[in-house]
Amino acid sequence: MEVPLFLRGIVVITGKNMRLYYTKPPVLMFGLLFPLFMFFAFFVGRHLDLTTFFPAFLAMMLFFTASSVGPLITPWEKREKTYERLLSYPVTQDSIILGDVVAGAVFGIGISILVWIASTLFISVGITNWGLFVLAFILGTLSCAALGALLASPASDSPPNIMILSNLIRFPLIFISGIFIPLGQMEGWGLALAYCSPLTYLVDLFNAAMSGTSVFTPLTDCGVLFGVSVVFIIAARVIQKRNMMKGM
Amino acid sequence: MDAVRAEHLKKTFGPVHAVDDVNLSVTEGEIFGFLGPNGAGKTTTIRLLTGVLTPDTGNVKINGIDIHRHPLEAKMQMGVIPENSTVYGDLSAEQNLQLSGKMYGMPRALRDERVNEILLKMGLSEKRRLPVRTFSKGMRQRVSIACAIIHRPSVLFLDEPTSGLDVQSRRLVIETIHEMNELGSTIFLTTHNIEEANTLCQTVCIINKGKIVAQDSPERLKKMFDTTQSVEVSFDRPVSRDLFAADGILRAEPCGDKWRLYTDNPDQVLKYLVGRAERDSIGITSLTTSGPSLEEAFVQITECV
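These protein sequences, in sequence, are chains A and B.
Quick note on numbering: our numbering labels position 218 of the first sequence as 218, and the sequence is numbered without any gaps.
Quick note on numbering: our numbering labels position 41 of the second sequence as 1041, and the sequence is numbered without any gaps.
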């Protein structure tokens, strides 16, 4: 009986998160506009081939949207004093974390698909492997949303503190992940750092799916993305359990 | 069967023993009061009983279901109103109740029916679609209680449910507790309001410094710790304390526009007061006697540990 109850808890928490945190106009606007402005800031006026950079842009979009709100949900709930009530429902801390991850993933997929569809009207973006493209979307949003849940783990009841931590980690990841400098052009420390970022493997997987060229094999990309998702979720679980009382 | 059974519960936070070897059992269908001074371990105990926290040692069973082995099944049996916890301010009362119903897996039709019924009972029908953040504290607490009882739980945990509420909201909360109990729910209530525990609860349990120090019916607890009774009297004009220097009156305390006289022999004090008032031509405007108070027992129990 516990498994259906557990799954139902995840679904209800996902729905609650989507309704309360993801469908607010500022969140939607920020999710769309921020990556778009980052894109303009780096690519406009530089005579770069947009088609070549589109997979990286899509990965950045997915990364920003899927990990945008997740870090803030638990601190918000603690600050508003709704977290304890949530824990007293027939859910566990695991269902809360997974509900946060799924909500982030759904939001990331939704917004990124919209952007992809809109982009196809202006840029010629082909897809050479649809299976890999779908897999990149799923594993990409899963890993980015899991990172969001992990960033929520310090679990203070102060969303601004979490926002600072979140940006301190998310921004550097963008610069070391082959989004603005292709992986093939990196060397030394830059390349070593790029290998450490899960976003690198997402960009590579999108490249494999859209242009057929990639640095790693798709299996490696998928394995790394799936692996870091699991590690992020387990780490979030351990840290959130330890910090449960903070801010409650 | 016990509705709630806790055995050897322990929880420490660093060097602090918040809950120290707590054993308690709540009989099915009773209203159980859980009292204690601030920081005694009430909220931690309720968090352990409701599965919000995991104990360091010990176990909890709700209707025979071990909450740490089967947390979801056990939580399905209960409704919880946590202390200081509230509902989602950005959602309306109706949306909060719908969300709560979904959490308990209630089908849509049943949810709709219960939501309408509870909102009406709680006097929130007209404001059902307004965001809860626009509500007063009392109204928010009503929504909070409604969320906890929407699935008619067999065990209802309430942590300080009437704290800081106005009289109307407090009465509504107490009425709801009685109604839920009449419908068969076991009630586990923590409160600072000793009088509330005295009038509501069949059993009262007192915790101090993380340990259970007394558990019995309010009447037996009162008799066990205090045999002093009191007489409250008010006069049609101010009187001095000297008036109460008489045999049988142990202590006299001003109490608003009245005097409270502590005694072992209320009959003797009543006779004295009536006689003295007649002699001094003072009018008695009110005269009541009361037995030993649970508050006195509570103070003695928690001070002597």
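Derived from the structure by calculation, the hints contain no laboratory data.
Accuracy of the hints is not assured; some may be wrong.
What the hints assert, rightly or not - If you want a taste of the chain A side facing chain B, the calculated C-beta under 10 Å gives, among others:
| # | residue |
| --- | --- |
| 1 | Pro4 |
| 2 | Gly15 |
| 3 | Lys16 |
| 4 | Met18 |
| 5 | Lys24 |
| 6 | Leu28 |
| 7 | Glu80 |
| 8 | Leu86 |
| 9 | Ser88 |
| 10 | Pro90 |
| 11 | Ser166 |
| 12 | Asn167 |
| 13 | Arg170 |
| 14 | Arg237 |
| 15 | Lys241 |
| 16 | Met248 |
Here a beta-carbon is modelled for each residue, glycine too, at the ideal position from N, C-alpha and C.
The hints, checked one at a time:
1. Pro4: holds (9 Å)
2. Gly15: Since chain B brings a Cβ to about 7 Å from A/Gly15, closer than 10 Å, the hint holds.
3. Lys16: holds (6 Å)
4. Met18: Since chain B brings no Cβ nearer than about 12 Å to A/Met18, farther than 10 Å, the hint is violated.
5. Lys24: Where the cut-off is 10 Å and the nearest Cβ of chain B is about 9 Å from A/Lys24, the hint holds.
6. Leu28: Check failed: Cβ of A/Leu28 comes no nearer than 15 Å to chain B, outside 10 Å.
7. Glu80: holds (7 Å)
8. Leu86: Status holds, d = 8 Å.
9. Ser88: Given a least distance of 4 Å, the restraint on A/Ser88 holds.
10. Pro90: Holds, because the Cβ-Cβ distance from A/Pro90 to chain B comes to roughly 4 Å (cut-off 10 Å).
11. Ser166: A/Ser166 check fails; min Cβ-Cβ to chain B is 22 Å, beyond 10 Å.
12. Asn167: At 24 Å from the nearest chain B Cβ, A/Asn167 fails the 10 Å test, so the hint is violated.
13. Arg170: violated (25 Å)
14. Arg237: A/Arg237 check fails; min Cβ-Cβ to chain B is 13 Å, beyond 10 Å.
15. Lys241: holds (9 Å)
16. Met248: Where the cut-off is 10 Å and the nearest Cβ of chain B is about 8 Å from A/Met248, the hint holds.
In this structure, the hints that do not hold are numbers 4, 6, 11, 12, 13, 14, in rising order.
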